[in-house]
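S.K.: Each chain, letter by letter, is given below.
2 protein chains.
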Amino acid sequence: MLSLLDLLRRIDAGQISPQSAVSHCLDLIEAKEYTVRAFTHIDTHAAASTEGPLRGIAVGVKDIIDVAGMVTGMGSPIYRDNVARADAAVTALLRRAGGSPIGKTTTTAFAFLDPTETLNPHNPAHTPGGSSAGSAAAVGAGMLPLSIGTQTGGSVIRPASYCGAAAIKPSFRMLPTVGVKCYSWALDTLGLFAASIPDLAYALAALSERPDLRLPDDRAPDSGGDLRIGVLMQDFAGAPEDDSAAALDAAIKAIEARGASVTPVSAPEALAAAYGVHGVIQDYESARALAWEYDAHRDQLPPILRETLDAAQHVPAAAYDDARRTAHHARREAKGFMREYDALITFASPGSAPEGLAVTGESRFNRLWTLLGVPTVNVPGFRNAAGLPVGVQIVTGFGSDDKALRVAAFVEKALHARL
Amino acid sequence: MLSLLDLLRRIDAGQISPQSAVSHCLDLIEAKEYTVRAFTHIDTHAAASTEGPLRGIAVGVKDIIDVAGMVTGMGSPIYRDNVARADAAVTALLRRAGGSPIGKTTTTAFAFLDPTETLNPHNPAHTPGGSSAGSAAAVGAGMLPLSIGTQTGGSVIRPASYCGAAAIKPSFRMLPTVGVKCYSWALDTLGLFAASIPDLAYALAALSERPDLRLPDDRAPDSGGDLRIGVLMQDFAGAPEDDSAAALDAAIKAIEARGASVTPVSAPEALAAAYGVHGVIQDYESARALAWEYDAHRDQLPPILRETLDAAQHVPAAAYDDARRTAHHARREAKGFMREYDALITFASPGSAPEGLAVTGESRFNRLWTLLGVPTVNVPGFRNAAGLPVGVQIVTGFGSDDKALRVAAFVEKALHARL
Chain L
0 MLSLLDLLRR
10 IDAGQISPQS
20 AVSHCLDLIE
30 AKEYTVRAFT
40 HIDTHAAAST
50 EGPLRGIAVG
60 VKDIIDVAGM
70 VTGMGSPIYR
80 DNVARADAAV
90 TALLRRAGGS
100 PIGKTTTTAF
110 AFLDPTETLN
120 PHNPAHTPGG
130 SSAGSAAAVG
140 AGMLPLSIGT
150 QTGGSVIRPA
160 SYCGAAAIKP
170 SFRMLPTVGV
180 KCYSWALDTL
190 GLFAASIPDL
200 AYALAALSER
210 PDLRLPDDRA
220 PDSGGDLRIG
230 VLMQDFAGAP
240 EDDSAAALDA
250 AIKAIEARGA
260 SVTPVSAPEA
270 LAAAYGVHGV
280 IQDYESARAL
290 AWEYDAHRDQ
300 LPPILRETLD
310 AAQHVPAAAY
320 DDARRTAHHA
330 RREAKGFMRE
340 YDALITFASP
350 GSAPEGLAVT
360 GESRFNRLWT
370 LLGVPTVNVP
380 GFRNAAGLPV
390 GVQIVTGFGS
400 DDKALRVAAF
410 VEKALHARL
Chain D
0 MLSLLDLLRR
10 IDAGQISPQS
20 AVSHCLDLIE
30 AKEYTVRAFT
40 HIDTHAAAST
50 EGPLRGIAVG
60 VKDIIDVAGM
70 VTGMGSPIYR
80 DNVARADAAV
90 TALLRRAGGS
100 PIGKTTTTAF
110 AFLDPTETLN
120 PHNPAHTPGG
130 SSAGSAAAVG
140 AGMLPLSIGT
150 QTGGSVIRPA
160 SYCGAAAIKP
170 SFRMLPTVGV
180 KCYSWALDTL
190 GLFAASIPDL
200 AYALAALSER
210 PDLRLPDDRA
220 PDSGGDLRIG
230 VLMQDFAGAP
240 EDDSAAALDA
250 AIKAIEARGA
260 SVTPVSAPEA
270 LAAAYGVHGV
280 IQDYESARAL
290 AWEYDAHRDQ
300 LPPILRETLD
310 AAQHVPAAAY
320 DDARRTAHHA
330 RREAKGFMRE
340 YDALITFASP
350 GSAPEGLAVT
360 GESRFNRLWT
370 LLGVPTVNVP
380 GFRNAAGLPV
390 GVQIVTGFGS
400 DDKALRVAAF
410 VEKALHARL
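Here the protein sequences line up with chains L and D, keeping their order.
Count the first sequence with numbering that gives the first Met the number 0 and you get residues 0 to 418, in order.
Count the second sequence with numbering that gives the first Met the number 0 and you get residues 0 to 418, in order.
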């Protein structure tokens with residue numbers, strides 16, 4: 000993969016200019032794109048800024064997020080020629096930080112489950128996951144140092160796990176969703192993909208204008224002597240496949256070897272209840288968020304989305320209100336529960352990327368955290384016997400994104416040292 | 000004003016067709032618009048639906064809300080030719096309910112404070128208020144039975160008070176803001192204007208698909224014998240002017256005469272604290288929500304907004320995080336506090352509409368309720384000696400929109416009976 004911090008160090012040292020760093024990415028895209036198909040649009044004339052913390056950094060933007068002058072296609076023929084008049088807020092913030100939106104990355108239609116044509120960069124017979132397929136695959140393939148995606152169920156962390164990228168879904172609304180196509184306003188969360196956790200921390204600090212999110216010296220901590228990590232199996236979400244079980248096991252052994260205290264934990268009952276109502280909230284809100292698309296263009300919706308929206312029309316307001324109360328209660332319970340640990344570690348996805356391109360995988364180990372609005376990080380570094388990556392997931396309490404990134408960086412380093 | 004329920008009764012009785020009801024509104028607009036200037040666009044060919052609870056109802060849509068095929072101008076030259084590709088969610092829901100979006104109503108630029116050219120329908124030398132100026136004025140002038148606006152500080156309740164319209168700002172996100180230009184994602188709330196509270200209850204029930212919001216028989220209750228109403232002066236927001244004090248006094252006397260129990264109450268300290276941080280949240284979020292407009296078109300922003308955004312760039316993340324915690328705490332405190340009363344009654348605006356068109360008035364009696372996300376209703380029915388209307392505001396706990404509407408309908412009826 001292509002490290003953002005490495006690129007910046009070479010720019011700072013005068014070895015390359017910001018513009019040549021962006022051009023380098025265009026060359027990498029040209030070389031690799033035909034085997035990955037991560038982009039819907041590439042700006043081959045993308046200019047680099049000479050200032051800002053992300054100067055020279057080419058960034059892929061998921062194609063439900065507006066970039067002024069580029070088509071926002073939503074992964075749907077309904078929006079085929081939909082040129083964005085304005086930047087989404089996160090795109091404008093990216094430019095403020097000196098970053099270069101270099102193109103639009105593929106998304107499943109309206110960021111739901113119908114697959115894109117994107118291929119897994121580690122094995123083209125496997126899905127890259129979704130919905131942020133292109134953003135995960137472009138970083139996983141080493142075409143870009145940074146990309147932006149969104150998660151409503153597991154659309155950032157799952158494809159990151161499948162593509163071997165580091166990724167964060169920060170606390171709800173830390174990154175503004177203005178100018179991002181809505182599927183569910185209570186759930187949709189912007190996230191970032193990068194080559195490593197220190198890269199991710201640097202980029203999130205720059206975009207959010209929260210400098211405290213950067214790691215000290217932009218490096219992962221060596222020791223975990225003071226860390227208390229809770230291991231959560233998420234039984235309410237079913238069992239993992241062997242690959243994810245092996246990844247979690249490897250991560251636990253690696254961090255215990257570096258002194259972290261690792262304890263199995265059970266989630267309070269309220270969290271399992273919240274897991275169960277994620278779909279009610281998602282369905283009720285999507286039936287309204289996509290009301291125009293459904294009423295005016297139902298025939299152009301892809302099959303999984305169309306069927307889901309057909310059913311979603313019938314979720315009663317009372318069920319939605321109940322679900323929101325359940326979620327509200329779980330957020331409060333989670334606060335107390337999570338305070339006892341520096342972070343939780345759990346599965347990032349059920350397993351490595353499923354074979355075939357007909358499905359994008361399952362979000363069952365991600366949904367609860369999206370609903371709670373808490374930060375979660377995919378830590379890459381483990382591969383199965385066939386060479387496919389699979390991540391582990393670090394979770395902390397709302398607003399503790401700094402802690403999530405520090406712990407994730409430590410886990411990543413420990414996993415690498417093991418190799 | 001033009002009553003929605005009256006129109007529907009005439010349609011149901013076969014006295015008029017839905018299409019002639021819509022045409023009637025177009026005639027009224029043609030007769031009155033030149034003295035009010037409430038619209039940026041009028042669809043003179045608007046078709047009526049023959050089905051749905053809002054068949055035959057012509058609706059004005061604030062010009063920050065997308066209606067497919069019409070320009071969404073945002074009250075700004077930056078968006079002068081910005082034709083909406085899709086309906087906003089609320090527009091699509093309106094069509095589902097049979098309503099006819101008949102045109103776009105004026106808004107202050109990006110729904111902030113720089114005035115529109117709209118005039119108060121009761122006296123053209125006075126402001127109609129803002130930011131939902133056109134939506135309030137069109138209903139207040141009797142051109143339309145229903146219109147849609149938004150409130151981030153006091154942009155629904157204040158212009159309703161100034162224009163003599165009934166209006167509700169429902170619980171946060173009851174009406175989806177998808178497709179509505181964002182100023183502050185934690186605050187922006189859609190609201191409705193109509194000729195009376197029963198009209199309002201009917202329309203909100205239809206748009207939200209929550210039939211329980213309708214009043215029994217679509218009529219206001221006659222008696223308040225079982226109601227406990229708390230009178231809140233909102234001292235933290237400063238003193239009212241004479242007109243608002245007189246309106247509140249008249250309302251209290253009228254409902255006491257009909258048997259309601261009315262008690263002066265003081266708000267918990269946490270509410271005053273929350274009132275104080277509304278601006279921090281609004282500023283921090285608007286600096287991000289309007290990042291593209293500010294960075295790419297600052298010179299085209301009107302003066303009040305430009306200066307506010309200049310300052311808003313400097314609100315630190317830590318201040319924002321503190322403000323959110325203060326608001327979160329206040330929402331919990333409000334829950335317990337409000338449970339002791341069926342509703343609170345308070346000022347809807349500092350006074351009647353200020354003279355002149357240079358300012359749109361103040362939102363100080365509205366901001367707290369927007370930040371708390373609780374339903375509030377403007378009850379019309381009082382006029383000062385010069386004939387200018389001024390409302391009183393009914394407030395209930397989150398999700399108790401039904402109760403807010405029932406109490407407001409009772410207050411409205413009591414005020415009318417007094418005349």
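Honestly, the hints are just simulated from the structure, not real lab data.
There's no promise every hint is true.
For identical chains, the list gives no copy identity; a pair is met inside one copy or between any two copies.
[What the hints assert, rightly or not] Lysine to aspartate or glutamate pairs mimicking EDC-like chemistry, simulated, CA-CA at most 20 Å apart:
{"#": "1", "residue 1": "Lys31", "residue 2": "Asp294"}
{"#": "2", "residue 1": "Lys334", "residue 2": "Glu361"}
{"#": "3", "residue 1": "Lys334", "residue 2": "Asp294"}
{"#": "4", "residue 1": "Lys402", "residue 2": "Asp320"}
{"#": "5", "residue 1": "Lys402", "residue 2": "Glu32"}
{"#": "6", "residue 1": "Lys31", "residue 2": "Glu268"}
{"#": "7", "residue 1": "Lys252", "residue 2": "Asp282"}
{"#": "8", "residue 1": "Lys402", "residue 2": "Asp225"}
{"#": "9", "residue 1": "Lys402", "residue 2": "Asp321"}
{"#": "10", "residue 1": "Lys402", "residue 2": "Asp282"}
S.K.: For each hint, tell me whether it holds in the structure or not.
M.R.: Checked hints:
no. : hint            : result
1   : Lys31 - Asp294  : neither (39 Å within a copy, 34 Å between copies)
2   : Lys334 - Glu361 : neither (26 Å within a copy, 38 Å between copies)
3   : Lys334 - Asp294 : neither (40 Å within a copy, 37 Å between copies)
4   : Lys402 - Asp320 : between (32 Å within a copy, 16 Å between copies)
5   : Lys402 - Glu32  : neither (35 Å within a copy, 58 Å between copies)
6   : Lys31 - Glu268  : neither (46 Å within a copy, 60 Å between copies)
7   : Lys252 - Asp282 : neither (39 Å within a copy, 47 Å between copies)
8   : Lys402 - Asp225 : within (13 Å within a copy, 52 Å between copies)
9   : Lys402 - Asp321 : between (32 Å within a copy, 18 Å between copies)
10  : Lys402 - Asp282 : neither (32 Å within a copy, 27 Å between copies)
Comparing the model with each numbered hint stated earlier shows that hints 1, 2, 3, 5, 6, 7 and 10 do not hold.
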